[in-house]
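Asks: Chain by chain, the residues:
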Amino acid sequence: MYNLIRVEFFKLRKNRSFWTFLLALSVLSLAYPLLYYFDHRSNGEPQITGAEFLTTFISSNAYIIKFGVAILAGFFISNEYSTGVMKTIASSGNTRGRLFAAKLIVFAVGAMAISLIFPMVSTAEVTLLSGFGQLPEGSTALFIPRALGLTLLYTAGYAAIGALFTVILTDSGKTIGFSMIFFLMIDTVLAGIGSKISFFSNLYDYSIFKLVGDIGKPSIDSGDWLALLLVPLLTIAVSGMLGILVFHRKEIK
Amino acid sequence: MYEYVLKTNQLSKKFKGHTALDKVNLSIRKGSIYGFIGQNGAGKSTLIRMVTGLAFPTQGTIELFGANEEQALIQARKRIGSIIESPALFPHMTASENLEANRILRGIPGKDCVPRMLEQVGLQGAGKKKAKNFSLGMKQRLGLAIALLGDPEFLILDEPTNGLDPMGVVEMRELLKRLNRELGITIMISSHILSELHLMASHYGIIHRGQLLEQLTAEELNEKCQQYLFIKVDDPGKATAVIQNELGTADFEVMQDGTIKLYSRIEQPGKVSTALFSAGLEIEKFMPMGEDLESYFTKRIGGNPNV
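Protein sequences, first through last, are from chains Z and V. For the first sequence, the residue numbers in full-length UniProt numbering are 1 to 253. For the second sequence, the residue numbers in full-length UniProt numbering are 1 to 307.
Everything labelled a hint here was simulated from the structure, so no lab data went into it. All values reported here derive from a predicted model rather than from experimental measurement. Hints may contain errors.
[To be verified] 30 Å max Cα-Cα, derived DSS-like pairs, lysine-lysine:
| id | chain 1 | residue 1 | chain 2 | residue 2 |
| --- | --- | --- | --- | --- |
| 1 | V | 224 | Z | 253 |
| 2 | V | 111 | Z | 14 |
| 3 | V | 238 | V | 177 |
| 4 | V | 16 | Z | 174 |
| 5 | V | 261 | Z | 253 |
| 6 | V | 30 | Z | 253 |
| 7 | V | 224 | Z | 250 |
| 8 | Z | 250 | V | 132 |
| 9 | Z | 253 | V | 23 |
| 10 | V | 177 | V | 299 |
| 11 | V | 177 | V | 30 |
| 12 | V | 128 | Z | 14 |
| 13 | V | 177 | V | 130 |
| 14 | V | 177 | V | 261 |
| 15 | Z | 14 | V | 14 |
| 16 | V | 30 | V | 16 |
| 17 | Z | 253 | V | 14 |
Using the sequences and the hints given, assemble the complete structure.
Replies: The structure is reproduced here in structure tokens:
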């Protein structure tokens, strides 16, 4: 298993799409706050602080997570089917379960790296420009590690779903396209069905798709913590198991 | 100890309404070079994919190095190197990086095997070149280098000379023969270039429409390769009538260029030539010859001898 994880990290390190995405995201993360900075300066408005920026825009990071997972799933995993590399991997004398688990772990780590770029780079830049300021009322000093920790956990949840799609679709284009549409539409679909059938309403309320929006809340009630932690963990476990099951029965062409 | 590196027992594979492999009992003896012959769609790749664990049998069993339980088979595949259909490479990585990725994957200690493998396949100067910039022949060589990582005991190669130039074909053949001779690596090669296979295989398996028609050694093949009289006359139609009516045999084949291969009466060339001459035919060529692997294969899969 150690070798399998090592080789996945080696491949991630050599994956140009991953680095290009990271770089592009870093540039955008640097450019975006500058627009606010110069806009506020020209209008004479008070500058937005690092803390304000983080609390305001952390929820928008969900879009980056979704796009990041979709793109990385296509270029990091599905691509191996089209290049034929998956044949070498699957015939290397390792169980399919281990192969998938190693891929999922490293894929999730890659997606996590992507998910941290925007909140960290932008917040650091805004802090340098106009100071960190005060965290919103009701939040504690733990807000930042909590928000970043939950970002990582929810990204892993999305990554597990993305990895499942790669095993089913096996084609980069299809994986990216389907994952993006799925992640962008699932809220609307579940909320829409949920308005008619209460089961789906509950399902949506306790899914990572809805709960990801709670990451940036200034304070979280102690009663909500269980769901906030358990739901992504269950998503990882269920999607991971399903992925292993599908990959175990998959004939590789 | 196992005598056979690979044995399949009643191995079958069915897709929707189509039987790709039908109860195949194939065996590859340790230390042999096994030429796996069949047309496109005959079932060669399907069998290879099942042996390497990429596809699953509908029925039947696979035995690798004497192991046939699922977990033992997975372990046994660590002892196999393979190129299946085409070399599997990371296009954006260099040749060395491709080997390094596979070295880590297989848990092979030490990086020294990377340049050694590149040298073994004649790519010592191309280690820093990206695989996407390789010619097909270079990709084949790199694919072979990857397959050879970890010193496998059994090599499975699907069309290994595909895309190689004539010198490359010779080098590949010599390399495979050397690996077999010096390291005792058992090799299974599926190839369409039968003349090339004939120069290295010690055993053959002929597969057609999912059925293994025959397995034979090179010696048995040489014995079976039918002798015939090669006849070229000015009027092939008349000659066939003479052969059928005067010599009383239909055991012949008329080739597309009008030449005739007569498989019987080989021991009576005088009688044959006299019959043709007496019928007023002008004999341009007349000589005893032996079949090669290609014609044996064509006949074995049911090619019509009286084309």
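Asks: Hint by hint, say whether it matches the structure.
Replies: Going through the hints against the structure:
1. 224/V to 253/Z: Outside the cut-off at roughly 37 Å; violated.
2. 111/V to 14/Z: holds, 18 Å
3. 238/V to 177/V: Since the Cα atoms of residue 238/V and residue 177/V sit roughly 47 Å apart, the hinted pair is violated (cutoff 30 Å).
4. 16/V to 174/Z: holds, 24 Å
5. 261/V to 253/Z: With a Cα-Cα distance of about 42 Å, the restraint between residue 261/V and residue 253/Z is violated, given a limit of 30 Å.
6. 30/V to 253/Z: Roughly 28 Å between the alpha carbons, so the hint for residue 30/V and residue 253/Z holds.
7. 224/V to 250/Z: The hint is violated at about 42 Å.
8. 250/Z to 132/V: Judged against 30 Å, a Cα distance of about 27 Å means the pair holds.
9. 253/Z to 23/V: holds, 22 Å
10. 177/V to 299/V: Holds: residue 177/V and residue 299/V sit about 28 Å apart, inside 30 Å.
11. 177/V to 30/V: holds, 14 Å
12. 128/V to 14/Z: Satisfied, since the Cα-Cα distance of roughly 14 Å is no more than 30 Å.
13. 177/V to 130/V: holds, 29 Å
14. 177/V to 261/V: Given that 30 Å is the threshold and the Cα spacing comes to 33 Å, the pair is violated.
15. 14/Z to 14/V: violated, 39 Å
16. 30/V to 16/V: Violated: residue 30/V and residue 16/V sit about 35 Å apart, past 30 Å.
17. 253/Z to 14/V: holds, 15 Å
Of the numbered hints listed earlier, those contradicted by the structure are 1, 3, 5, 7, 14, 15, 16.
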